[in-house]
Amino acid sequence: MARANAKKKRVVAKHRKPAKKKKLAPRKPVAMVTKPVAEIEPSLPPHQPKAANALESLSTPSRKFVGMPMKRKEDPRLIQGLAHYVDDIQMTGMVYACVVRSPYAHAKIKSVDMSKARTAPGVVAVLTGEDTRGVIGDVICAAVLPDMKPATRPMLAVDKVRFVGEPVAVVVASDRYAARDAVDLVEVDYDPLPAVVDPEKAITKDSTLLYEQNGDNISFQWHLEGGDVANAFKEADRVVQCRMVNQRLIPVAMEPRGVVADYKPGEKKLTVWSSTQIPHTLRTLLAAVLKMPEYSVHVITPEVGGGFGSKLNMYAEEALVAYLAMQLLKPVKWIETRRENFQNTIHGRDEINYAEFAVKRDGKILGMRWRILADLGAYYQLLTPLIPTLTGLMACGCYKIPAVKLDITGVLTNKMATDAYRGAGRPEATYFIERMMDVIAAELKIDPLEVRRRNFPQPSEFPYTTPTGVTYDSADYQKCLEKALNISNYTQLRKDQAAARKQGRYVGIGISTYVEICAMGPSVAMAGGGWESATVRIEPSGVVNVLTGASPHGQGQETSFAQIAADMLGISPQDVEITHGDTATVPYGIGTFGSRGTAVGGTAMYRALEKLRDKLAKIAAHALGVPPESLAFDDYKIHVKSDPTKSMKYGEAVGAAYAAKTLPPGMDPGLDVTHFFEPSNFTFPFGSHVCVVEVDPETGEIDLQKYFAVDDCGNVINPLLVDGQVHGGIVQSIGQALFEETVYDEQGQLITGELTDYAIPRASDIPHLVTGRTVTPSPVNPMGVKGVGEAGTIGATPALVNALVDALSPLGVTHVDLPLKREKIWQVMRKARNNGAAKPN
Amino acid sequence: MEIELRVNGKEQRSRVEPRLLLVHYLRDELSLTGTHIGCETSICGACTVLMDGKAVKSCTVLAVQANGSEITTIEGLAATAHGNGGLHPVQEGFWEKHGLQCGYCTPGMILAATALLESNASPSETEIRHAIQGNLCRCTGYQNIVAAIDYAAKKMKKQKSR
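As they're listed, the protein sequences go chains A and B.
Each residue of the first sequence is one higher than the one before, starting from 1 at the first, in my numbering.
Each residue of the second sequence is one higher than the one before, starting from 1 at the first, in my numbering.
Next comes chain B alone, as it looks inside the complex (with noise of 0.2 Å):
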């Protein structure tokens, strides 16, 4: 089947077994290797990316079902960022409160972080555990993780309001 979609603001048009998944579409069609895969169960978030604005687990998503739609991944998440050509603020509270050890959960939970500032602009420590809920981390215990996301969230506002 064709499909013809937006992956970080660069249009794609693919032809794709029906049974293909997103996930695969992006790491092996587009080489886009920073969606990672931990599970085969949509539990662990590893593979989350943004469709149409929303954070959505790509590893039970199928690639058809993606056609139409606007996929950003961790690779385009720093263009999304207001202009600032350099990183995403969740990108950069990630790196400054060191939210991240082996980084393979990293790029999931950098989207699912993003997609819960797009809702909520100043979450608290309670709402930030629940928005991450679906992603799983072995190596960092979620604390400096929740710590890098309510650094953006600060960031962010601040932005809005200048």
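Just chain A, with the same shape it has in the complex (with noise of 0.2 Å):
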């Protein structure tokens, strides 16, 4: 708090001073408009200079564009503040929504006065859960799991709240600050409850229930079991155990959440702007709660600042702003702020391992149990029960293990919903195996890079079925981790690692080898729908403008996208245009979550275009008398391969298809084609992460000194988009190793509940990079992608806590729960010392 309060004596100490008067220059009378009305310029606001010119023109030779570190087309509008986020959009007559939220966990709730606030100054509306409920549906829950029990979430709380932050009704005004101020007039009586936060002691049998009818605070059992496990245990060597905890997370999407709705009665057309990633599957669920047809609701996703699975949900606030539009036939806007967000926004992780390994003694993993409690918090959000089911998808890793058993239980606690956040389940898988692989090297004395070596499937076992019932599409384990310990000179960090014991100094190196399971995926897996749309339409001009369902916010697609149809077409990425997030020009598309956006989206594109091409293929080769497939697309012309002399111009055979007085025979106008890409499977990224630390005795700080990253997504599209999203990914993962974690106290209140307390890594934290890749096409698309938006997130945190676990094993430490930080650092060397434990040799 210390660095706010700073900020705020300094500012507060120059509002004292009488403002110096500064002479301005006397204002100019205003120009009356002599210009006729054609000369003026498109009216951008006065003081905003014009867009720097970003588009060449449309004759730019075309040149093999996927692969190239093209610069982002999506950049200059965002470099210069003219992108548009949804709390840009101004409307005229606009009122303003604010949320009255619990300041209890558990609570039932005798009365909601709205007298004062009905009456405050510039209210023009107030809504409570008596008014909400049996009118708009429960927050829907996509993911239901065998015999789950309900833990349906009401838009606004009626009898009773189930967690800090839940919204208990909704004041709003003709602007801000009388909406911001009217919340506190509304009176709401509250009967406390005991809160549920422990999830271990939330499954007991005395615990205080969240739901009487439920009989118990268990959400749900999942059991998956693979391979002869019994026999596995009774030939093993030894019993490895270990308990781990992955902590709860908060996204922090720098944007937060917003909605800006307008509902007119006369053509019955709903539109609502939200900052999500999902903008058809909202589309669907508002028009569901609202009870109304899907053609009525017109969903746009403005510019979206960053969503990493906080964004793939429908939100209380989404109905509760559409209904207030169309009961005030008003636009209404609510945007969050960062205090919400902490409280009412999905959270991440939140699981416990138990697991027990059943191996050899030369290292060899013969089967593994394992129990996962997974902490949902009070209600379901869209994704929450199946985020921990894909933990237990991916428990064996990147590695061979004959026999699994898994039991997973999903518990509530009155806490905000887990779902979906970067990784959403992989990276809890990879932390526990990539910890298990170390623990069990040390206590089998043997090194860990043998281990996993050891216990790696060889490339030609690909594709590979896992006990788990998942097949890994193609990859190459050994040379990844191979190229991780050459760009990291591996030998020599040992070299310097053992000077510095010497010297009796605590530095550790941390590795981690991971496979995911992204690009989701085939429909028979996933909650919804697997696939992606893309409608391509080639307009009379020749440029093309390609419609997806996919809705990046940040991903870059507008630029990787294009790179892929130029090369598709021989045209340039600057005459290729890709339009999202509308629900009304966009055909219905999944959304952008689990690294799909190029691997599926592209994908629904390439199909797309491929029949486009076919399309001009035939035309050209109908005007040059020569068979489609001997032609060629390069640099606006369509030529016979093998004589380029006999061409014809792109342009032409595009006006052929509209002039349609020279098609083929039978061939039908028009260049407008629409794809639904189903994909077989997912694909499955890997790659080997390798860091050094050094951890300050006296302080427990740990100083991440190196970095190196090899990271395998198949083939790249543009490598400017995949370091910047493995950079990104990266950071958020040390972020969990070191600095991030949700804190509620046993009342269950938020006590992480800002940016001051709760620490998202800034760039001073951060040690330069080091980022190499392996390409191993995947066989599952045409362009042979993996995705690669959650890599980072996966590798990261275990390779920082095995390099803290290795600075400290002189101390005899075997394992430190996450996150690491300074104090619990301090006090395990301590208890390790007092232990007397050697000193570091």
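Keep in mind that the hints were calculated from the coordinates and are not lab data.
All the pointers check out, no bait thrown in.
Here are some of the chain A residues that sit facing chain B, going by a computed Cβ distance under 10 Å:
#1 L78
#2 Y85
#3 D88
#4 I89
#5 E255
#6 P256
#7 E303
#8 I335
#9 L720
#10 H727
#11 I730
#12 G735
#13 T756
#14 S764
Mimicking DSS-like on lysine-lysine, the simulated pairs with C-alpha atoms at most 25 Å apart in a straight line are:
#15 K445(A) x K495(A)
#16 K483(A) x K400(A)
#17 K154(B) x K71(A)
#18 K71(A) x K158(B)
#19 K149(A) x K201(A)
#20 K205(A) x K149(A)
#21 K495(A) x K483(A)
#22 K157(B) x K71(A)
#23 K71(A) x K155(B)
#24 K445(A) x K234(A)
#25 K330(A) x K269(A)
#26 K479(A) x K706(A)
Among chain B residues calculated to face chain A with C-beta under 7 Å, some are:
#27 G34
#28 L100
#29 C102
#30 C105
#31 T106
#32 C139
#33 T140
#34 G141
#35 Q143
A quick note: this is a predicted structure, and the numbers were derived from the prediction, not measured.
We treat Cβ as the ideally placed atom computed from N, Cα and C, and that holds for glycine.
The task is to assemble the complex, starting from two chains supplied on their own in separate frames and drawing on the hints.
Below you can see the structure in the form of structure tokens.
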């Protein structure tokens, strides 16, 4: 807090000094409009310069674009403040909503008195649970597991609140400040109940119940077994056990959530602008809860300031703001504050893993029994129960483990719901298996690299099916690990470590080798559909308009998709426009999450482009009198591969499709194709990360000195974008390892409720990241791409904890739970030293 | 209360409520929506603007405190860049080096970087990372932001020496 107060003192001091009256130039008389209207420049607000002209002309010769580190087409609007996020939307007559939230984690609601708020200045409407009960449907959970107990969340709490921040009422006023003032006038009479916070206590018999009718706080139990587990443990030389925590995280997208809604009764058209990752799914869910036909709901995704899974949902506020717009016939805006974002936007991770590994003396793993306790929070959001099952699916990591038994228990507590946060279930799986590899190596006194190499499947064994029933598409874990050891100069690192230990310094080297499941995915394995859509339209002028069902929000697909389209048609990416996020123009799409944008969305576009290319080839072949297969597309020309002089201009072929006078017999006019792509499998990117840390014994502070990451996401469309995704993922993972932790106290109060208490990494906390790549194309799609968005959050956390435990191993330390905060490390070192452990030799 | 100030080189005269935050004045009154809000506790830096040449977090400055000041927001930055109407070198650096992904922290980051380069024309990587410590980013992991600022520093030095 000191940082914030220091700033306030400096600013307040300035305020007391009388402001110096600067002499401003006398006001110029308003210029009379003399120029004819046509010459007046289209009205950008006067003080905004013309956007830098990023678009070169149509005739730029085509070159090979896929694989090039192309500058992004999105950037000109973003670096000049010309992009529009949801809070930038201003409409006449707009009113502002503010939400009244529960200060209690668990309480009965006895009464909600809105009388003072209703008559406060500027207030135009109030809404309570009584008004919405039975009128708006409940929050929808799309992931229903077998015999899962109900934990449905009403839009506004009615009899009971079950987590701090749960919406109880809404106030709408003419401006933000009036709405915020009126919230304080709402009087809610609560009857507090004991809070259920510790997941391990929540499942005991005498625990307070969140839902009396459920009988206990267990949401679901999910079992999975593959291979002969009993036999594995019979033949084991040793059983290695461990309990590890994967702490609850808060995604903290830089842009908090926000919604604007407007309803036109005449046209019966509800328009909703929302900072979301799934515009079409949101439209379907809103239509359902508002009991409206889908064609009356129009969702527009403005620029979105990051999601990371936190905007992969339908939230209560989205339905409430839409409902209010229909009641008031005025545009309604709600923008989340950061405090609300912490309390009431999905959290991530939060699993306790207990496992026993049956191992041979040489480190070969015969089998494992794994219990996962997943803290789901108080209610289900869209995919809450599904996330821990992904941990189960990826339990084997990149290892051949013949026998696996998994028991996952979802537990309900008085906290915000957990759901998909960058990695969504897979960081937990990789963290656990990669830590266990080191624990096994330490217990058997084998080099952790050897334990990994001994359990890798061979490249020839792919596609490789694990006992959990997942089939990895393609991989070469050995090559990737070798490359990581190579670029990190691993042997030298070990030498430097030995030297440092002689000086009594605590230096550690950590490794992780991961495989992840992404590019969600075959529809049979998904809560909703797993496909993606694209419409590709070549306009008469030859420019290409791609309408993608994906909903990029920082991934850069307006550029990478344009690179793919340009190479396919032999034109420039500057002549390809990618449109997304508007349900009125873009065909039904699934959205952006689970690293699926390019692998699934990109392939839908690829297939549509193929069909257009074939059509143009037939048109040119008809004109040139050659077979279509003999033609190539390059540099705005369609020419015979063997004789480039025999060619037709790309623009002419396009024109022919529209003029429709010289078309081959039986061919329809127009160049407009829609394709829905259903992937046959997920994709399975993998990688190896190495890092070096040094621990300061006086303060417990960890200095992350070096970080090396080799990631394999198959073929790369734009290396600049892939590196960006890897950097971002690694730093979020460093946040989980060293800084971030969501803390609820015993009353269920969210202690880490602001950015002052929940420390996401800053630029000064991060070393220079060295990234490398291997390329193992995926057979699942024609471009051979895998996903990469979540690779960083999956690989880095285990590498960091492995490094820390390696650094403290001379003190006999075998495990330290996440996060590795200074005080915890200091305590661990002090305790280890008091037990008389040897000084580092 | 009446305030009088210059924003992006244009004189503004407005009547404001004493408690109106400068960031809301810029966004809602002047429609300069390039300045963003990411928190209420002046930690994230998305609301950074230049006030009399200094990088300031406009979410914890009152509009009345800006009376008589010269404010530069992201929308006005290019105009201040040594005459070439296109982009300020820092903006160009962010584009060249993929120093942004979702773009929400970018305006604040660019203005913080601009203030840095005014006071330190060739900062080291550590100095850059320290200077933008008050600007949080969740997408990029900061690496390309540091590269972008380094690119701008080198370009501005070349421009000055010409």
